[in-house]
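*Asks:* For this one, chain A is given, so just place chains B and C on it according to the hints.
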Amino acid sequence: MSKITRQSIYILIISVFLFIFVLVFSFSSLIPEGKEYRKEKTQLLAQRQDLQRYQDFEAQTYDTLKKLQANNRHIIAAFDKEFLPERFVKKYKSSFNSLDVTKVQTLDLEEGFSVYDVKTSSQISSPAVFYKFLDEINKSDWIIAVNFPIEFVRDGEVLNSSFKMKVYSNSKDLNRSKLVKK
Amino acid sequence: MFNNLKKFLYTQIYINIIANAQKTVIYVEELHSNGSSDNFEEVFNSTQRVEIYECIQAFAKKSPIHYISILDNSPSCGAIPTCSKEDKKLYYNSSDFENICTPEGWTYYTSKRDLLELQGHYHKVGLDFIFSPFIILSNFFIDKISNDIAMYILINEDNLVLSVFEDSKLFFAVNLDMENKDLDSNDELLMDIDDDEELDLEESVDINLENVDVDDDVELIDEFDDMEDLDTFDDMDEFSQDAIEEDSVSEKSSKDDFEDQNGFGVDYHRFSLIQSAINNFYQDTKYDSKFIETVYIADSVGISNELKKFLEEEMFLSVYVRKMNLGHELCELSKAELR
Amino acid sequence: MKYSYIKPRRKSMLTPEIKLVVTFFAMTLFMLISTYVFLLIKNSQFQQEEIDIIEAKYNIERNIKIMEIKIIYIEKQNALSQKIFTKNSVLKDSIKNLFDLVPQRITLSKAELLKNGLVLYGITPNKDVYNFMLHAPLRSIFHRTYSSFYPAKNGWLKFVSTNYMDNDIEKIMNEETNDE
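If you read the protein sequences in the order shown, they are chains A, B and C. The opening residue of the first sequence carries number 1 in this note's numbering; numbering runs sequentially from there. The opening residue of the second sequence carries number 1 in this note's numbering; numbering runs sequentially from there. The opening residue of the third sequence carries number 1 in this note's numbering; numbering runs sequentially from there.
Hints were generated in silico from the structure; no laboratory data involved. Wrong hints could be hidden among the right ones.
[As the list claims (entries may be wrong)] Quick list of simulated restraints, FRET-style, between CB atoms:
hint: 1; chain 1: A; residue 1: S121; chain 2: C; residue 2: P151; range: 27 to 33 Å
hint: 2; chain 1: C; residue 1: N78; chain 2: A; residue 2: L109; range: 17 to 23 Å
hint: 3; chain 1: C; residue 1: T28; chain 2: A; residue 2: D63; range: 54 to 60 Å
Virtual Cβ for every residue (Gly too), placed ideally from N, Cα, C.
Extracted from the complex, chain A is given alone in its bound form:
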């Protein structure tokens, strides 16, 4: 039997060392890391799908919002517009013989909207003018509700009418206005 050379023993020792190292390394570090990789990957896939759902719903909601905004553009603008008596008078003066708007008084919030109480007095030639006015007010730049008490007083050929109007607009609350502006 040939003598086992020293080199063979060294090779054997090195091999054993390295082999043990490989085993230890594999089992202590590599395999757990691999497991975690698998776990994380599946988790991440689920998360991505979830995110996709969220994004879809966001897009949907956005569409809805945009549609609403488009459809109700006039109303939204009307609520946003500040009521200026001069402008009101200017706009509807033509219909009336004379128009006078007085007393802009801020009332309490009604249904979350701020309300101005406006007293109007005007002179009209016939009730038909008033009817027309009521039709037109729905298309005005503001959201105005004509309110009681309404008075018609005949004065010769003309009617002196006076009525109250409630002008609705967005609440001047900071929170609300921020949201609206967005």
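*Replies:* Below, chains B and C alone, put in the same frame as chain A:
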């Protein structure tokens, strides 16, 4: 620190090759990290290249820290007593030779071509060290070369390496190649001698008996008492009947006889070479010649007593022989190289 | 080199076998570690994404709430405005009806429309005309009617007709409108 780690982890293996014409010796020393060491020696026929290679490989495989050293046996190797470039030119052409200058001021060299040939011959296993026999010789007799002038000879299978030192300074060095191994070489040498010289020899043989002093030394007479213990003519190898007769009784005895005869021949051949080298040393103006009285021989092959006798009787030299294991010396030199 | 003609070859402690083993394990470890690093990075990415998703969901929820509030508000506005417009229309119709009620022979000098009542001032040729032509229809509409007469200069009778409704006139007017 790295070296210590290497030594701790691995065994250091020194493989030393002495390659002669006929046989190749592989001497291996294993140095373990705990300090212990093992030696191995293998002798191969120089033609058995595969076996030699396998043997070296077997040892080399034992450890990555192995050093293979070889003795430079090429005929072109030599040494000169100078280190300066100008002086070197007197002896050889510097560009063709690889040389190393020692701290003592002498240089040993060998042919670059021979080095490459050697490395090529062993390219399969590779070589780490190639040592000159001159440095081996000087290291072997390190304790003696610092003394008075003496000649140092390393006797190898195929060659003789000879150097003359005084006070650690080299005076003369030569590599003597024993090309012809047969007995005829002796005759060749004899034939080289001039007629005049031959005449001189005859003259020197005459002894004037009148000049001979007789020493009536009691001690000498006592020596003769031991004559009974002396070998008879028959017992002496040189005068053995078997040795003289070329026709042998049995093959085995003849083989032994032949070897004995050869041993004698070889030693004589060696002696002739040494003699002519010394003559060259005395006569050549290149070398500072001084009269040599002592010879130290490093015997790596196992010489007979004859060479010593020849040198003592013919050249009147004091001869000291030290047994040397060339492989071991190569090994020690390798270790010294790595320190 | 001190003694040798040649330099020794470099001796490496790492034999080819050791190098092979180490290379193999290095590759394995590299793959393991790179996988581990990949997993770490991915996990942290996942966690970050989860946090982002949660934040996004929260924002979306908020947005949806805001939009829903707006929607509700607009719907409220719409309802109110419709109510008002209707009220105005009905008022117009009622006033028209009222004045139509008044016969030719009777002339009104003043009309006071109150929340829960109506006061008419006018002149009638005689009581009978008043009673049959004005008082009777008024009585059928209002809960309480009072009449008072004053002689006029030209022999006709001035009258003051006071009519009260116990309930809200608006409701009645609405009912009347529906009947018609």
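*Asks:* Where does the structure disagree with the numbered hints, that is, which hint numbers, in rising order?
*Replies:* No hint contradicted; all consistent.
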